[in-house]
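A.B. asks: Here the protein sequences come in this chain order: A and B. The numbering of the first sequence is the numbering used here, which starts it at 1 and goes up by one. The numbering of the second sequence is the numbering used here, which starts it at 1 and goes up by one.
FYI, nobody ran anything at the bench for these hints, they're computed from the structure. The beta-carbon is built from N, C-alpha and C at its ideal position, and this holds for glycine as well. Wrong hints could be hidden among the right ones.
[Said to hold, decoys possible] Here are some, though not all, of the chain A residues that point toward chain B, as calculated from beta-carbon distances under 10 Å:
1. Lys4
2. Ser12
3. Phe18
4. Met58
5. Met61
6. Val65
7. Leu84
8. Ala94
9. Lys97
10. Trp104
11. Asn106
12. Lys107
13. Asn110
14. Lys113
[As the list claims (entries may be wrong)] Cut-off 30 Å, straight-line C-alpha distance, at most; resulting in silico cross-link-like pairs (DSBU-like, lysine-lysine):
15. B:Lys28 - A:Lys5
16. A:Lys93 - A:Lys76
17. A:Lys73 - A:Lys47
18. A:Lys3 - A:Lys73
19. A:Lys113 - B:Lys89
20. B:Lys121 - A:Lys4
21. B:Lys144 - A:Lys60
22. A:Lys42 - A:Lys124
23. B:Lys144 - B:Lys92
24. A:Lys73 - A:Lys93
25. A:Lys124 - A:Lys93
26. B:Lys89 - A:Lys4
27. A:Lys125 - A:Lys93
28. A:Lys125 - A:Lys42
29. B:Lys92 - A:Lys113
30. B:Lys82 - A:Lys113
31. B:Lys28 - B:Lys179
32. A:Lys4 - A:Lys125
33. A:Lys97 - B:Lys187
34. B:Lys89 - B:Lys38
35. B:Lys179 - A:Lys93
36. A:Lys113 - B:Lys179
37. B:Lys42 - A:Lys113
38. B:Lys89 - B:Lys42
39. A:Lys113 - B:Lys187
40. A:Lys71 - B:Lys121
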Amino acid sequence: MNKKKIIIVDDSESVRMFVFETLDNAGYEVIVAENGQDGMNKILQTKDAVLMITDYNMPKMDGIVMLRNVKEKLGKLPFPVFMLTTETSERLKAMGKELGVIGWINKPCNPVKLLAAIVKVLAKK
Amino acid sequence: MTNVNTLTHKDPETISFLHNFVRDCSMKQLEKYSRDLKISIKECTLETTLDSYADEISLILLWSGIGSITFKVHFSLPVCMKWASHGLKKDKNSISTSTAQDFMREFCNVMGGFLRGCFEKHNILIGMSLPFLAPGHDEAIFRKLRDPRSQSSLWKLSDGEVEVICSTDICLLEPDLVKAIRPELEKQLSEAASNNDSGEVNFI
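Using the sequences provided together with the hints, build the complete structure.
C.D. replies: See below:
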């Protein structure tokens, strides 16, 4: 059986490792990107992904610009997006929502809460 | 109280408050970020400092029209290995040096994001750098480049066994704006300390 694919975009190695292991242990196939540019390439290459978890504050391209660029290229985001970030600004949340971000997660990541939210979102698809 | 020399600032009480605010935030944020290590603050005097406090530095810069804040953590590898092991819930032997260093870099990101959020709630827009790592001896360069209008303070964060030195350089140009929101900032810090909302997925 094919595993469901989830893309993680974060410039922090320790965050990527933590989220990767959480999702991998839960049976997902995890695709990892290290910055916004890399993330955009991975989205365009992996159209069968079911979800994306991305940071906001990253080198080369931030999370919002990355999503905006993808939306411009594809017309819409191909899957739901969670923003995993230290940012709490309402202004950024509104910008993310407009682009298709459905969940806002304050770092540090809690594996139990993250997996529960993923199951909830994927059950609706 | 911080060890900052506040007397040279036009509003010593507000600059002192801001130094203490950053200091208290660092303790609360590290407790959350390390997944519940019990962290305490220890005093550290400016007089005892050298050009290099530790092997490495992680830092982040925040700036706006009202001034700027630089937050730095001066740490050694065994400390970041221990705290990364706790925070990432992994055995110390399975954590690479770069992952442990990144753990401290990301701590600065957590601090920067929290401070930025506190001010943006009051419509004070803040620019924030990416967090980054530097060799400990670069402190000599940072000191040379420091804004002469800024004031520094430092303190230790300890888990009872090991510790790091934190420092902040704050340049406060508009103390009245900070003074006006001071009660709210204190409230935000106390709420953040009591709410364990880290990792909560807020559907928007």
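A.B. asks: Next, verify each hint and record whether it holds.
C.D. replies: Results for each hint:
1. Lys4: violated, 18 Å
2. Ser12: A:Ser12 check passes; min Cβ-Cβ to chain B is 5 Å, inside 10 Å.
3. Phe18: With a closest approach of 5 Å, the A:Phe18 hint holds.
4. Met58: Cβ of A:Met58 sits 7 Å from chain B, so the hint holds.
5. Met61: violated, 12 Å
6. Val65: violated, 14 Å
7. Leu84: At about 9 Å, which falls below the 10 Å cut-off, the nearest Cβ of chain B leaves the hint on A:Leu84 intact, so it holds.
8. Ala94: Holds. Min distance 8 Å.
9. Lys97: Since the shortest Cβ distance to chain B is 5 Å, the answer is holds.
10. Trp104: holds, 5 Å
11. Asn106: For A:Asn106, the interface hint holds, since the closest Cβ of chain B sits about 6 Å away, which is under 10 Å.
12. Lys107: holds, 6 Å
13. Asn110: Since chain B brings a Cβ to about 3 Å from A:Asn110, closer than 10 Å, the hint holds.
14. Lys113: Constraint on A:Lys113 satisfied, holds at 5 Å.
15. B:Lys28 - A:Lys5: violated, 35 Å
16. A:Lys93 - A:Lys76: Roughly 18 Å between the alpha carbons, so the hint for A:Lys93 and A:Lys76 holds.
17. A:Lys73 - A:Lys47: With Cα atoms ~13 Å apart, A:Lys73 and A:Lys47 stay inside 30 Å; holds.
18. A:Lys3 - A:Lys73: With Cα atoms ~26 Å apart, A:Lys3 and A:Lys73 stay inside 30 Å; holds.
19. A:Lys113 - B:Lys89: The hint holds at about 16 Å.
20. B:Lys121 - A:Lys4: violated, 38 Å
21. B:Lys144 - A:Lys60: OK: B:Lys144 and A:Lys60 at ~29 Å, within 30 Å.
22. A:Lys42 - A:Lys124: Given pair A:Lys42, A:Lys124 holds - Cα atoms ~24 Å apart, limit 30 Å.
23. B:Lys144 - B:Lys92: Violated. B:Lys144 to B:Lys92 sits at ~36 Å, over the 30 Å cutoff.
24. A:Lys73 - A:Lys93: holds, 22 Å
25. A:Lys124 - A:Lys93: OK: A:Lys124 and A:Lys93 at ~22 Å, within 30 Å.
26. B:Lys89 - A:Lys4: Since the Cα atoms of B:Lys89 and A:Lys4 sit roughly 25 Å apart, the hinted pair holds (cutoff 30 Å).
27. A:Lys125 - A:Lys93: holds, 23 Å
28. A:Lys125 - A:Lys42: Judged against 30 Å, a Cα distance of about 21 Å means the pair holds.
29. B:Lys92 - A:Lys113: holds, 25 Å
30. B:Lys82 - A:Lys113: Distance of about 25 Å is within 30 Å: holds.
31. B:Lys28 - B:Lys179: Judged against 30 Å, a Cα distance of about 22 Å means the pair holds.
32. A:Lys4 - A:Lys125: This hinted pair holds, its Cα atoms lying about 12 Å apart.
33. A:Lys97 - B:Lys187: Given pair A:Lys97, B:Lys187 holds - Cα atoms ~28 Å apart, limit 30 Å.
34. B:Lys89 - B:Lys38: holds, 16 Å
35. B:Lys179 - A:Lys93: holds, 27 Å
36. A:Lys113 - B:Lys179: This hinted pair is violated, its Cα atoms lying about 37 Å apart.
37. B:Lys42 - A:Lys113: Cα-Cα ~34 Å, so violated.
38. B:Lys89 - B:Lys42: holds, 26 Å
39. A:Lys113 - B:Lys187: holds, 26 Å
40. A:Lys71 - B:Lys121: Given pair A:Lys71, B:Lys121 holds - Cα atoms ~29 Å apart, limit 30 Å.
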